[in-house]
Amino acid sequence: MSGRANANIYLRGKIYWGRVQIASREHRSSLRTTDPREARRRLRQWKTELEREAVTGDSDQLFEEAVIRWITEVLETSVKPQTMRRYTISIRSLEATFKGVRVRDITTRLISNFVSSRSGCVTNATIRRDLTALSRLLSACVAWGWITSNPALSFDRTIIRERRDPITLPCPDSVARVKAACPPGMAAILDLLEQTGMRENEAVSLTGDNVDHERQQIRLLRTKTSRPRTIAWVTPGGNATALLGQTPRTGCLFPNRDGQPYRNAASNYGQIMRRVAARCEAEGIPFTRFRIHDLRHAFAIRWLKTGGDIYRLSRHLGHTSVKTTEIYLSALTADELDRVLHVGTKDGTETP
1 MSGRANANIY LRGKIYWGRV QIASREHRSS LRTTDPREAR RRLRQWKTEL EREAVTGDSD
61 QLFEEAVIRW ITEVLETSVK PQTMRRYTIS IRSLEATFKG VRVRDITTRL ISNFVSSRSG
121 CVTNATIRRD LTALSRLLSA CVAWGWITSN PALSFDRTII RERRDPITLP CPDSVARVKA
181 ACPPGMAAIL DLLEQTGMRE NEAVSLTGDN VDHERQQIRL LRTKTSRPRT IAWVTPGGNA
241 TALLGQTPRT GCLFPNRDGQ PYRNAASNYG QIMRRVAARC EAEGIPFTRF RIHDLRHAFA
301 IRWLKTGGDI YRLSRHLGHT SVKTTEIYLS ALTADELDRV LHVGTKDGTE TP
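Counting from 1, one number per residue, gives the positions in the sequence shown under UniProt numbering.
Just so you know, these hints were derived from the structure itself, not from any lab. Treat the hints with care, as some may be off.
In silico DSBU-like pairs for lysine-lysine, Cα to Cα no more than 30 Å straight-line [unchecked claim]: (1) Lys14 - Lys47; (2) Lys47 - Lys99; (3) Lys323 - Lys224; (4) Lys323 - Lys305; (5) Lys224 - Lys305; (6) Lys305 - Lys80; (7) Lys305 - Lys179; (8) Lys80 - Lys99; (9) Lys80 - Lys179; (10) Lys323 - Lys80; (11) Lys47 - Lys80.
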């Protein structure tokens, strides 16, 4: 070990471990670092925690105690309701492995066991979301002084890469059947998603104040990234003039039957989709299920197929990087791809 030697710190492989004797009892634990200076710091902090526990009799906090404090002190005050719902779902999944475990005893090995238990049962994307929730929880525990480091940050997520399914465009006939089965407000929301490419939660929260009729623009305030943006409603991907040209200047644009904004639009949509699918199956009518988000994909692909600029599309969709938008390039023909990337012919001329 470089620097000052410390008999209470030793290596197992490339990882430093520590040993501490408190009240005639020896404790050994991984310091979860390969850096000798950091190992010494963690050993001192760990020793302080053990001495405090020996004096006060306090035991380390359990996973479920951390969850309660995280929800009440962090989630309820600093995240959007949609994000909180996602974290809550993840917490329920995490409890099967971590309930009853002391926070300080959560290790990368235990996290790996959790991942193994979920593999094959859910998608890699779901597992990664669960790990994100766990990491945020453990980061809060570090901030509270319950632990010295976040073991979730040491877990290599590359072993559970998120696999993207190929983009499948919704069948126009199936879309029309679903719209016909929707109440007016929901049908209008689906039309808006199809013509503007905005996200479902962005559409349901729209009010008359968000619409600039003179400029034919929409101001989106409740976005996925919490960064407001303004989009045009006439673009290479669609035209929402028929929907927005005569909308009211105030109040919710597309309310439910009670005149209120949809609170669970995705759930309402799912119920309608299942009813339409069941009816079509019973009547022998061809029908292809589609996700509400597929309307956004269809908009983006139309934009690019008509030669629209991919950077403008990326800003319109609210992507933080054009790399995200590039997934739609796979849906283009070679000629369409050349136009988008400004390769080959341009303005009717040929490259030498």
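How the hints compare with the structure:
1. Lys14 - Lys47: 22 Å, holds
2. Lys47 - Lys99: 25 Å, holds
3. Lys323 - Lys224: 17 Å, holds
4. Lys323 - Lys305: 18 Å, holds
5. Lys224 - Lys305: Holds - the C-alpha atoms of Lys305 and Lys224 are around 26 Å apart, at most 30 Å.
6. Lys305 - Lys80: 35 Å, violated
7. Lys305 - Lys179: Holds, because 25 Å separates the two Cα atoms, which is no more than 30 Å.
8. Lys80 - Lys99: Cα-Cα ~25 Å, so holds.
9. Lys80 - Lys179: 29 Å, holds
10. Lys323 - Lys80: Status holds; Cα separation ~25 Å.
11. Lys47 - Lys80: With Cα atoms ~38 Å apart, Lys47 and Lys80 exceed 30 Å; violated.
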